[in-house]
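Read off the chains here:
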Amino acid sequence: MEESREKLRVRKIEAGTVIDHIPPGRALTVLEILRITPGTDDTVSVLMNVPSHNREEKDIVKIEDRELKEEEVNQIGLVAPTATINVIENYEVVEKKEVEIPEIIEGVVECSNPGCITNTSEPADLKFEVVSKKPIKLRCSYCERITEESELYKQFSGR
Amino acid sequence: MKLSTQDIISFKKLSNEDIEKIFSEAEKFENIAKGKENSDMLKGKILGTLFFEPSTRTKLSFKSAIKRLGGSTIGFSRPEVSSIAKGETLTDTIKTVENYCDAIVLRHPQMGSAKLASEAATVPIINAGDGAGHHPTQTLLDLFSIRKNLNTLENLNIGLVGDLKYGRTVHSLAYAASRFQNKLFLISPESLRMPKEIISDLKEKNTDIRETSNIEEVLPELDVLYVTRIQKERFSDPSEYNKVKDSYVINKKILEEADDKLRIFHPLPRVDEIDPEVDQTKYAKYFDQVFSGVVVRMGLLSLLMG
Chain C
1 MEESREKLRV
11 RKIEAGTVID
21 HIPPGRALTV
31 LEILRITPGT
41 DDTVSVLMNV
51 PSHNREEKDI
61 VKIEDRELKE
71 EEVNQIGLVA
81 PTATINVIEN
91 YEVVEKKEVE
101 IPEIIEGVVE
111 CSNPGCITNT
121 SEPADLKFEV
131 VSKKPIKLRC
141 SYCERITEES
151 ELYKQFSGR
Chain L
1 MKLSTQDIIS
11 FKKLSNEDIE
21 KIFSEAEKFE
31 NIAKGKENSD
41 MLKGKILGTL
51 FFEPSTRTKL
61 SFKSAIKRLG
71 GSTIGFSRPE
81 VSSIAKGETL
91 TDTIKTVENY
101 CDAIVLRHPQ
111 MGSAKLASEA
121 ATVPIINAGD
131 GAGHHPTQTL
141 LDLFSIRKNL
151 NTLENLNIGL
161 VGDLKYGRTV
171 HSLAYAASRF
181 QNKLFLISPE
191 SLRMPKEIIS
201 DLKEKNTDIR
211 ETSNIEEVLP
221 ELDVLYVTRI
231 QKERFSDPSE
241 YNKVKDSYVI
251 NKKILEEADD
261 KLRIFHPLPR
271 VDEIDPEVDQ
281 TKYAKYFDQV
291 FSGVVVRMGL
301 LSLLMG
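Chains as they are written, first to last, in the working numbering: chain C, 1 to 159; chain L, 1 to 306.
It is possible that some hints are incorrect.
Which residues of chain L face chain C? A few of them, derived with a C-beta cut under 7 angstroms, are [claimed, not checked]: (1) T89; (2) M111; (3) S113.
If we take Cβ atoms under 7 angstroms as the criterion, some of the chain L residues that face chain C in the derived model are [stated by the list, open to error]: (4) G35; (5) T56; (6) L90; (7) T91; (8) L116; (9) G131.
Since the hints were derived computationally from the structure, they do not count as laboratory data.
Cβ atoms here follow ideal geometry from the backbone N, Cα and C, with glycine treated the same way.
Let the hints inform the model, and build the full structure from the sequences given.
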């Protein structure tokens, strides 16, 4: 029943990527991460707060004719750790990837500590150690302060 | 004899073996630090002292340390007289200054600045305070001074009193003391307690901790009392400040309850948290601690630059 209702909402895509099981409300942040902004040439469908099999709500993003880079997948993992990435060809799922949060995050996240040297004009290579994956907690390699998941969410939404 | 690291960024990056090497090296220099003997061990060596924030003790003791060993210093104490005022990055300043010297002591307001500097530099970087981050030579000299005056660093009852919430010095010392199986007595007003995450880190390391607001209750048990200043600006209500400040003033009367072997330390500067009448007692070791600051830095410079 739910399956058919979903089909009615948005049809299957022929080729591209479906990002499923995004925590409700975070689809727009995922679009920010993928730099899908007004003026994009990508064909994109966004579903928000749709019922999932376990009756919890979720967001879904479908992007036609685009495969995600590993770096993009990792970034999505930081704000949507439950997401799955489905690669679609000929209307079929040919590859299903879980997002994987690496042990070290480089160059993606900004340190949430305003007193950190990386938040100045210094040419510092941003690097974080992942101290917890659920909830996500990242330790800055410079100031050693922890950046929490909620701060990451704000960071990506503010781009 | 070499340390496991060329840069001294934080105390926790030093192994116990490194600490022992620094302390043994430092002990050799007591007479030279007192001016009773001369040394040209670091003759011709230049230490760059880059102080982007004010400092008295740290800067002077580093300068004294290298000069006692026959070396010299270059540097600045105020960023407004440096190229920073023209907009130069710290990275560029370090890459420039390292051409003029053999090691750099850095104090900078931003956390992580010393680590960044160590990545830019080929010469050793010594962190002399990076904002609310680390000040490893302070922790080294605190431990050295405790060891020197108590003849051990292990199994002591160490009381930390004052502002335990914001004090960088006491945070580092608490972590350092926990490495050597000491029991910690954390004495502070309710509003200036040691941060919870530090307490939980210390407990994970099986450190025995007792928190209290009442110094008199625990004083008889202590071997070490490390006193820090309670800063007025930490209180939104001045009457609240006045209420707590006097309860932690160390004077002769309060020390009547102390054990004979108790020794008192303080990172200085002190304001009124230790009554000057205590200075002449056997308990007072805070000015000897200042002297330890010179010999420890001599030991460190000798290992890094010798």
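Now the hints, each set against the structure:
The criterion of a C-beta within 7 angstroms of any C-beta in chain C is met by T89/L, whose closest approach is roughly 5 angstroms, and the hint holds. Interface restraint check: M111/L against chain C, minimum CB-CB distance 4 angstroms, threshold 7 angstroms, status holds. The restraint placing S113/L at the interface with chain C holds, with a minimum CB-CB distance near 5 angstroms, inside the 7 angstroms limit. For G35/L, the interface hint is violated, since its Cβ never comes within 7 angstroms of a Cβ in chain C; the closest pair sits about 38 angstroms apart.
Nearest Cβ of chain C to the Cβ of T56/L: about 23 angstroms, over the 7 angstroms cut. The hint is violated. With 7 angstroms as the threshold, the beta carbon of L90/L comes within range of chain C, its nearest partner Cβ sitting at about 6 angstroms, so the hint holds. Hint status for T91/L relative to chain C: holds, with the closest Cβ pair at about 6 angstroms, below 7 angstroms. Evaluation of the L116/L hint against chain C yields a held restraint, the C-beta minimum of about 5 angstroms falling below 7 angstroms.
The interface hint given for G131/L holds, since its Cβ lies 5 angstroms from the closest Cβ of chain C, which is under the 7 angstroms cut-off.
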